[in-house]
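Chemist: Read off the chains here:
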Amino acid sequence: MAIIKDICTVIRVKKIADSIFEMVLEGRIADEVENPGQFIHIRVTEGNAPLLRRPVSIAAVDKKNHRLTIIFRSGGQGTLLLSRKVPGETLDILGPLGNGFPVDKVDSGGTAILAGGGIGVPPLYGLGLKLREQGVKVISVLGFQTAESVFYQDEFASLGETYIATVDGTSGTKGFVTDVLNERGFEADILYTCGPLPMLRALEAGDYARETYLSMEERMGCGIGACFACVCRKKDDPNGHSYKKVCSDGPVFKAGEVLI
Amino acid sequence: MNRLQVELPGLTLKNPIMPASGCFGFGREFSKLYDIGQLGAIMIKAATLEPRFGNPTPRVAETPGGMLNAIGLQNPGVEKIMAEELPWLQQFDVPIIANIAGSTVEDYVSVAEKISAAPNVHALELNISCPNVKTGGIAFGTDATTAMELTRKVKAASAVPVYVKLSPNVTDIVEIAKAVEMGGADGITMINTLLGMRIDLQSGEPLLANRTGGLSGPAIKPVAIRMVYEVSRNVSIPIIGMGGVASAEDALEFLYAGASAVAVGTQNFVDPFACPSIIEELPRLLDRLGLSTVKECIGRSWKSNEPIAHHCP
Numbered sequence: 000m001a002i003i004k005d006i007c008t009v010i011r012v013k014k015i016a017d018s019i020f021e022m023v024l025e026g027r028i029a030d031e032v033e034n035p036g037q038f039i040h041i042r043v044t045e046g047n048a049p050l051l052r053r054p055v056s057i058a059a060v061d062k063k064n065h066r067l068t069i070i071f072r073s074g075g076q077g078t079l080l081l082s083r084k085v086p087g088e089t090l091d092i093l094g095p096l097g098n099g100f101p102v103d104k105v106d107s108g109g110t111a112i113l114a115g116g117g118i119g120v121p122p123l124y125g126l127g128l129k130l131r132e133q134g135v136k137v138i139s140v141l142g143f144q145t146a147e148s149v150f151y152q153d154e155f156a157s158l159g160e161t162y163i164a165t166v167d168g169t170s171g172t173k174g175f176v177t178d179v180l181n182e183r184g185f186e187a188d189i190l191y192t193c194g195p196l197p198m199l200r201a202l203e204a205g206d207y208a209r210e211t212y213l214s215m216e217e218r219m220g221c222g223i224g225a226c227f228a229c230v231c232r233k234k235d236d237p238n239g240h241s242y243k244k245v246c247s248d249g250p251v252f253k254a255g256e257v258l259i
Numbered sequence: 000m001n002r003l004q005v006e007l008p009g010l011t012l013k014n015p016i017m018p019a020s021g022c023f024g025f026g027r028e029f030s031k032l033y034d035i036g037q038l039g040a041i042m043i044k045a046a047t048l049e050p051r052f053g054n055p056t057p058r059v060a061e062t063p064g065g066m067l068n069a070i071g072l073q074n075p076g077v078e079k080i081m082a083e084e085l086p087w088l089q090q091f092d093v094p095i096i097a098n099i100a101g102s103t104v105e106d107y108v109s110v111a112e113k114i115s116a117a118p119n120v121h122a123l124e125l126n127i128s129c130p131n132v133k134t135g136g137i138a139f140g141t142d143a144t145t146a147m148e149l150t151r152k153v154k155a156a157s158a159v160p161v162y163v164k165l166s167p168n169v170t171d172i173v174e175i176a177k178a179v180e181m182g183g184a185d186g187i188t189m190i191n192t193l194l195g196m197r198i199d200l201q202s203g204e205p206l207l208a209n210r211t212g213g214l215s216g217p218a219i220k221p222v223a224i225r226m227v228y229e230v231s232r233n234v235s236i237p238i239i240g241m242g243g244v245a246s247a248e249d250a251l252e253f254l255y256a257g258a259s260a261v262a263v264g265t266q267n268f269v270d271p272f273a274c275p276s277i278i279e280e281l282p283r284l285l286d287r288l289g290l291s292t293v294k295e296c297i298g299r300s301w302k303s304n305e306p307i308a309h310h311c312p
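Those sequence lines, one after another, are chains A and B. If you count the first sequence from 1, position 232 lands on 231 in numbering that gives the first Met the number 0, and the numbers rise without skipping. If you count the second sequence from 1, position 219 lands on 218 in numbering that gives the first Met the number 0, and the numbers rise without skipping.
Hints listed in this document are in silico derivations from the structure and should not be mistaken for laboratory results. Errors might be hidden in some of the hints.
The calculated DSS-like cross-link candidates involving lysine-lysine, where the alpha carbons are at most 25 Å apart (straight line), are [as the list claims (entries may be wrong)]:
hint, chain 1, residue 1, chain 2, residue 2
1, B, Lys79, B, Lys152
2, A, Lys243, B, Lys31
3, B, Lys113, A, Lys233
4, A, Lys4, B, Lys31
5, B, Lys79, A, Lys234
6, B, Lys113, B, Lys133
With the hints as extra help, turn the sequences into a complete structure.
Modeler: So, in structure tokens, the structure goes:
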């Protein structure tokens, strides 16, 4: 696998929930993707504002057609510009970056829980596709703020049992992903998660599966491990000098590896 | 003749372009993207006597045309850098400029002594301008006498030429430049970042965990150009210029201002291929402007108004 810089073509942009956009991109980077959970670093403008690239996780990859699907929330200046791209426009993209989810930790016939929160949901979709391919049973538990922000419910449902939680109770269970997990008490070999830190902490602390892997988010500079913007501490050395870089050592870590 | 070649104390540069300290780590990440042996030099990440974790996150925030960082000199310490990073860098035919930092004069002297003994370290960059650490760093770079004394001691301890990295966060940068020259500096690198801050509108708190950070990127280029222009006219030691360099045009502007070589910082994050792109573009830019060598561009803005062709080296 190599990290490359490529000019990718926007194939499709679609609003799929409140402030949430799905974008399909075509380019050589798709050929280099190794694992679900990797991300790409997008330069949203040729100008200087915003200056830095935007890290966006890969939701799905279609190697045959050299295409990637990304899903992002349009919030700040960069993602707003990104959401306004139209088919045919090109984007300067660096990637694929980071190490994705380990997909070989669960055997065929085993059960995996995918626990996603908000904009942490997208990489779990590509992971679910891959796990299904390998004969793993997938249970998805997805948390959102409210019904309008729910996305990819049908896509996850096509992978297996899917449960929705919303903070305000307008869709699915009222509450958090952990409320669904506590209520249902699934038996699982492995849990993969991506989402806000409080959710990751709760899942790490809970006993929901034999093994847990979490994908972290952090403000990034270079995205390749050179700038030291996105470091986190290791759990076994909370006050020392050891560290992990979210961009290049992560973004996926085994629960208990880093301090979250 | 290599028209891009520049000779500086301790350094024969095959071209005047190098990554700036802190923006390139120790080169490992970039070596996976391109042959880093093509760089003029490499300014490696600051080394301190002991390992440092640096500041809490968030460590970066964006600004129009720039970014704020407060990494806090995270590094594995001089011993580990000498045991693991410098030997690894020896496979590339490129001179290393080792950035050194510390909390006390003794720290600086000790790091200088150690790291200057490495075979591929051809020069030191004395960091008296990091705005993101509580002790040391900028504290040594804002007072002329302190800067001169530290330069003198580090110079005495170092086996290779010493370049002093100046902070723009001073009233009169020329005064500091003259002081380090008097302290025996072989060259100057400038500018480090400008101290800045951003505040989050939701929380009302500074965006950076360190509260303040150093501003870099295209936004600071005019400040850097002005300072290189002023300093280069007032000292006789060479300058490696930096601050918002993103293109061959920017690099040439620094040469014109009075720099003898140019470092690329933040642009490495925007485009990891920035340095090789600039190196590739530079000869074409010289051609377009009817210039034959990099050397003849140095200080053009103030040296002479005569046509370049008549200039004798």
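Chemist: Honestly, which of those hints from before does the structure not fit?
Modeler: 3
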